[in-house]
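There are 2 protein chains.
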Amino acid sequence: MTKAVSTLQTVNTPAVLVDLDITRRNIDRFQAYADVHGMKVRPHIKTHKLPAIAEMQLRAGAIGVTCQKVSEAEAMVAGSPQIRDVLITYNILGAEKLDHLAGLARKVTLSVVADNETVIDGLSSKFASQPTRLNVLVECNTGADRCGVPTPEAAAALAQRISAAPGLVFGGLMTYPPTDGAAAVESFMTRAKTLIEAVGIAVPVITSGGTPSMMSAAEAPVATEYRPGTYVYNDRSLVSRGVCGWDDCALTVLATVVSVPSANRAIIDAGSKSLTSDLLGLSGYGHVLGRDDIAIDQLSEEHGRLVSQGLINLKVGDRLRIVPNHACVVTNLVDAINILEKGEISAVWPVAARGKIV
Amino acid sequence: MTKAVSTLQTVNTPAVLVDLDITRRNIDRFQAYADVHGMKVRPHIKTHKLPAIAEMQLRAGAIGVTCQKVSEAEAMVAGSPQIRDVLITYNILGAEKLDHLAGLARKVTLSVVADNETVIDGLSSKFASQPTRLNVLVECNTGADRCGVPTPEAAAALAQRISAAPGLVFGGLMTYPPTDGAAAVESFMTRAKTLIEAVGIAVPVITSGGTPSMMSAAEAPVATEYRPGTYVYNDRSLVSRGVCGWDDCALTVLATVVSVPSANRAIIDAGSKSLTSDLLGLSGYGHVLGRDDIAIDQLSEEHGRLVSQGLINLKVGDRLRIVPNHACVVTNLVDAINILEKGEISAVWPVAARGKIV
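Protein chains in written order, with the working numbering: chain A, 1 to 358; chain B, 1 to 358.
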């Protein structure tokens, strides 16, 4: 957290900016919703990858954090003594990852998920000899068709296997639902909970997630906690879904116009290596703030092509702020982000959990 | 270049592998073509970002390297004393970048490009006071519609401006052509060269590039050098264009199956943070070697979804090697790559120029 010496006019571009005032407002907004509905919040740090922003989320009322990979969790825990409760929402396999997981479990309250017996057996073989037992939740497929057991019956079977496995504690049920999946979550989880409780096993946690549907999370009251990620920054994908407005987008990419080769076209110094090629169903690669007429119709690694139906009306050297399609992947591309407070760069923060894919 | 202690069976996944034997063959193949046609080779390092592989290219006969950004050039020059001649194919703007450019010019023979007066004037204002003059090539648009002056006449005008600018030397003409653009390159460059020579200015270099059309580079004999990038590793995009076969793909992503939720679907631990979401016009996000029946139909950041028309026939814990759509962006996502020699991991190399976007 070095002191910034640059301004929006001088900082080297492309640069990723994060407005801390907007970030704080985004955190508070969902925490208030969750508080009203008696739902716990466990934010996914994949969006920011920053211990300092996790601390803001915890101060606002979050009960812990969610990480996707073991190395990501290690970077976050190393970066903040306030991160004491971590859920890794991933099937963890392999000797090296299990060693690191055991190391993490000695430092924080740790939970993971599993959707198959191979993963459960691997976790058990490691944690049977560890001083603390590992919480394992069953991942359930409520319609997103990624990981997860397909039925409540399969969830109950794995819950029993976890419950009987040396070194493990059954921690509950987890899902990453499809957008507008609250009804599916309620139905699947209610049935799974009933089946598991019927064999005498408690279901302490039912955790759901996803920013797009977070403001209707309470429509699945069976869930005890929610794991929003992108809500902390927001992005063009969420604006296009009507979840937020441009003023709620905390993360922007500052770029410089390097060429204006024709009257309706300009090239910026931000390409897929800063804006990413994630489309998330959209057309174009980001929104130029204040220029609704412009589309970013093509990215190469270091060039972004801006086209307008009318005159592009930009000159070489102009600086633009762009809301990317998908904020989470942008923070994975840069070693550091520039923190904005009251519209000015106040600090440069290294992205602690960037590139932590194992 | 630490000694590797892991194997393909034990290395933590996802892991990026680079087969050095295939890499060497790819380098030699294009160098041989260029040698036959009397064309110089200046490989673009954006694909590998590794000083050691640039050295392999130089040993094979390359006259220097191409970089896209100043920081990328700095990382490469810092990483190898053999890199003595660098072309940065980018419009460079701004005080901080110009300072770094001047630093680089004191270490190596340095050339950049410009397609507008603002960039030329900025370069001149910096280099007028430097001990060595900077080579500036004019970037020409031969149909890719990214950067570049639109006509040979505009190229000639900028050549004159560079030639007259304190601190600068006119270095020639540069283009990044569209695929199969050799005829357009020949036509544009021949006309531009004639116009520039007519006013008494020599055109020492005409440089073209792009892997997809590299084996027909000689169809634009006006060009004196060629800048292939992806050829060093190849990727699914190039296989799909018929440029190479799977056996020519030096870079693969090793992933582990973490879930097999249904008979025709499996999930691997490699998502957009290792395979990237670049499509390059393809459908799906990579090719699973040895499994032509499988499509990678969906990526999230840490999950890749594999689907088969028939039985997926994979089990949790299986390891797969995937040829990504676009090799260049994959090497930007990892801190280090695993070097394969004779099919085994022989070393782990840090990706020196990863994340160098300014």
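Among these hints, one or two may not hold up.
Ranges between beta-carbon positions, derived for each pair [to be verified]: (1) A:Asp318 - B:Asp99: 19 to 27 Å; (2) A:Thr132 - B:Ser262: 40 to 48 Å; (3) A:Ser216 - B:Arg25: 37 to 45 Å; (4) B:Asn264 - A:Ala95: 41 to 49 Å; (5) B:Asp121 - A:Pro350: 45 to 53 Å; (6) B:Pro81 - A:Arg25: 45 to 53 Å.
A few chain A residues that face chain B, going by a derived Cβ cut-off under 8 Å, partial list only [as the list claims (entries may be wrong)]: (7) Pro14; (8) Lys40; (9) Glu55; (10) Leu58; (11) Gln82; (12) Arg84; (13) Gly94; (14) Ser272; (15) Asp297; (16) Arg321; (17) Cys328; (18) Asp335; (19) Ser346; (20) Val348.
Worth flagging that the hints you see were computed from the coordinates, not collected in a lab.
Even glycine gets a Cβ: it sits at the ideal position worked out from N, Cα and C.
Hints, one by one, checked against the model:
no. : hint                            : verdict
1   : A:Asp318 - B:Asp99: 19 to 27 Å  : 21 Å, holds
2   : A:Thr132 - B:Ser262: 40 to 48 Å : 34 Å, violated
3   : A:Ser216 - B:Arg25: 37 to 45 Å  : 56 Å, violated
4   : B:Asn264 - A:Ala95: 41 to 49 Å  : 30 Å, violated
5   : B:Asp121 - A:Pro350: 45 to 53 Å : 35 Å, violated
6   : B:Pro81 - A:Arg25: 45 to 53 Å   : 51 Å, holds
7   : Pro14                           : 6 Å, holds
8   : Lys40                           : 23 Å, violated
9   : Glu55                           : 22 Å, violated
10  : Leu58                           : 22 Å, violated
11  : Gln82                           : 24 Å, violated
12  : Arg84                           : 23 Å, violated
13  : Gly94                           : 7 Å, holds
14  : Ser272                          : 6 Å, holds
15  : Asp297                          : 10 Å, violated
16  : Arg321                          : 16 Å, violated
17  : Cys328                          : 6 Å, holds
18  : Asp335                          : 6 Å, holds
19  : Ser346                          : 19 Å, violated
20  : Val348                          : 13 Å, violated
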